[in-house]
Amino acid sequence: MDYSKLNLADNPFTATPISGRPVWCGMQKLKADLERRLQISLRTSPSSIILNWGNYGSGKTHAAKFFTSDLTLQDAMAAAGLPAPPLAFYIGFPRVDRGAAFNLTSSIIGKFGVADFASKLQQTKTTLDAVSVGLFANLLQEYCDDSELQKIFHKLVQGDPNDQDKIGRVLFGNSSSADLRELQISRKPDSVADLCRLVTTAFNLFTYRSAQILPLHPAIHLWIDEFEDIASLSGKEQDALAAYLRNLIDWCPRYMTMFLNFTLTPVQSLQDLGLYLGDAVTSRIRHRIEFAEPDKPELKAYVREMLNAPGVRQQPAAEGDAFAPFDATAVDLIVDSVSPRTPRRVNDVFSSYLDIAAETDGMVRITESIVRQFAADIGLTL
Amino acid sequence: MQPCIIDSCSLLHAFHVQVGVASLSDLVAKHFDVVLPRTILQEMQTVLGRAHRHWKERGLVVEEFSEIRRIHAAWTAPKCFDGDLELEMRSVGGVDLEHLGAGEVACIALARGISDREVSYVVFVTDDYDAGECAKTIFDKYQCGMVIRSADLITFFGIRFKLAKAEVHQSLRTLISFYTGVYESLLQEAKSLLPGSEASYIYPFIQAGDLDRAKQAIVRLPLNAATRTRLTTLVEDVSALTGDKSILSHSFSRLRELERLQL
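Which chain is which? The protein sequence lines are F and R, in order. The numbers in the first sequence follow the working numbering, run straight up by one, and end at 365. The numbers in the second sequence follow the working numbering, run straight up by one, and end at 404.
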């Protein structure tokens, strides 16, 4: 659709930002709260869990994508005066075709890719062994007391390109007996504890620091989206996942922050999450961030910033006309009527009006009367 | 042993809910004299056909469809009641049962009949709130039985066998996960029928449980009659599944109670 007559390069209220970089508009209090948690994670050492909760469409997924994007992490690094950015993962809730804990591990390792995972371990080994020969092996021994799992890490740092596919299959649980024999590994990592140990060992190595050694990454941020889906797992799977998360925190006790995105549903309240996670995990939740409905001024700021985000306008908006092509009164009317007042719903409504204007001949402004004319079609009750 | 009649959905799930080392269906079979109207068996087949794929996807069952059918057949065959329920159907007259399914009506009628014939107090297991309420009215009037839900049965066996709280907890959560799956399937279907899918302004209403508003909005949508009717039914099903007296609310309340209890 062509939005040029509205002085827009594209519809800014679509799911994917025009610039390709996730943008954050409005809701500065929420952003500040999340940023503060991220900064705390970079300045303090204990691992913790942060629970992000709110209604459907309140922006939790967007926040996860925004705060795991490279550019945001670079900004966080600069703000904290660190030499390297945190290592951040955005992971959808692990489905259960092969077990939730297994799929979570696969998702984490899959985010690196085997080559990158091996490369980070090699970098870590080089840094550690430059300060003290054998330090890498000693730390590996400390973080991972299983000799067969240690062998996987040794194979990864050896960096033999012929082994990479085979190690990949071991890490992703697809290895054959022949793979294991060739790698001289006696057993596959297949228990929940093994899978967790692989991840935590890597995280511990990547964040290791001393007076002479700077960490490869100052912190690990693990965002797990749609965590309410834990309710759809069987009781056994729920317990396995809760045990995995508990081990993740216990075995990686420093420099890791886990963000769990939880959407409230008619059948699940926030308190019910404790029924699934158990005391051991729930007690590690350090902070809860509510993705509350923004108030009207916040919502107007959100719309204004969305319409004026980088790359949205073909020409800068005229002074005093920051909501163009919407009249300020039209924006007031929509903001007063929109329900639920979540970013997703606001995006839907404003996007629909822009589409109507773009496809209607001669319509270059969206006025209060146009808002009224199409309100019923868009589901607005004025 | 006390006679026990089980509604189709409750029985269907009982095969896959472990309570300690045994399945709920096996425990029921060992502790009660289970009798099932033929209609229930037919309903189970239909529901299983619809549900099995979703169960597999969510990892709630590992067995193939045919294997589950075989287990059902072996379990239900000796318990099936093939007699005529005409007389019993008439004997529950006076209570409006029209909004119930054929299987639920047959269960209530059979309970009345067994109670009369054997002078016994029948246990009727159902997770359908409306069926339970109708049955209660009739059972109270004729003093012929009691209504319980799957969550109550799990709690009963948990206490009876002195199971660890964690085991009872896990069983209740597994039961909830089956119904959460039903809830998600309803949402998915509603999403697929709504114009604009997830982007439809009605979807957030359904998601947030604002179902009256969702129904009002569906009426205004330019939809064909079949889609509108199906969407309205779906919203009503979501409402029945998520309401205060629904199976999910009841099971959660049992779970929360269990958290507080010192067993």
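Just so you know, not all the hints are guaranteed correct.
Below, a list of computed lysine-lysine pairs in the DSS-like style, where the Cα atoms sit at most 30 Å apart [to be verified]: (1) Lys219(F) <-> Lys277(R); (2) Lys94(F) <-> Lys197(R); (3) Lys220(R) <-> Lys277(R); (4) Lys279(F) <-> Lys282(R).
Not close to chain F: a few residues of chain R, all C-beta gaps over 12 Å, as computed [what the hints assert, rightly or not]: (5) Thr217; (6) Glu274; (7) Phe302; (8) Thr321; (9) Ser333; (10) Ser390.
In case anyone wonders, no lab produced these hints; they're calculated from the structure. Positions of the beta carbon are idealized from the N, C-alpha and C atoms, including for glycine.
Outcome of the hint check:
1. Lys219(F) <-> Lys277(R): Roughly 34 Å separates the two Cα atoms, so the pair is violated.
2. Lys94(F) <-> Lys197(R): holds, 26 Å
3. Lys220(R) <-> Lys277(R): holds, 23 Å
4. Lys279(F) <-> Lys282(R): violated, 56 Å
5. Thr217: Correct as stated: the minimum Cβ-Cβ distance to chain F is 23 Å, above 12 Å.
6. Glu274: holds, 20 Å
7. Phe302: Phenylalanine 302(R) clear of chain F: closest Cβ-Cβ about 17 Å, beyond 12 Å.
8. Thr321: violated, 5 Å
9. Ser333: holds, 17 Å
10. Ser390: Check fails; 8 Å does not lie beyond 12 Å.
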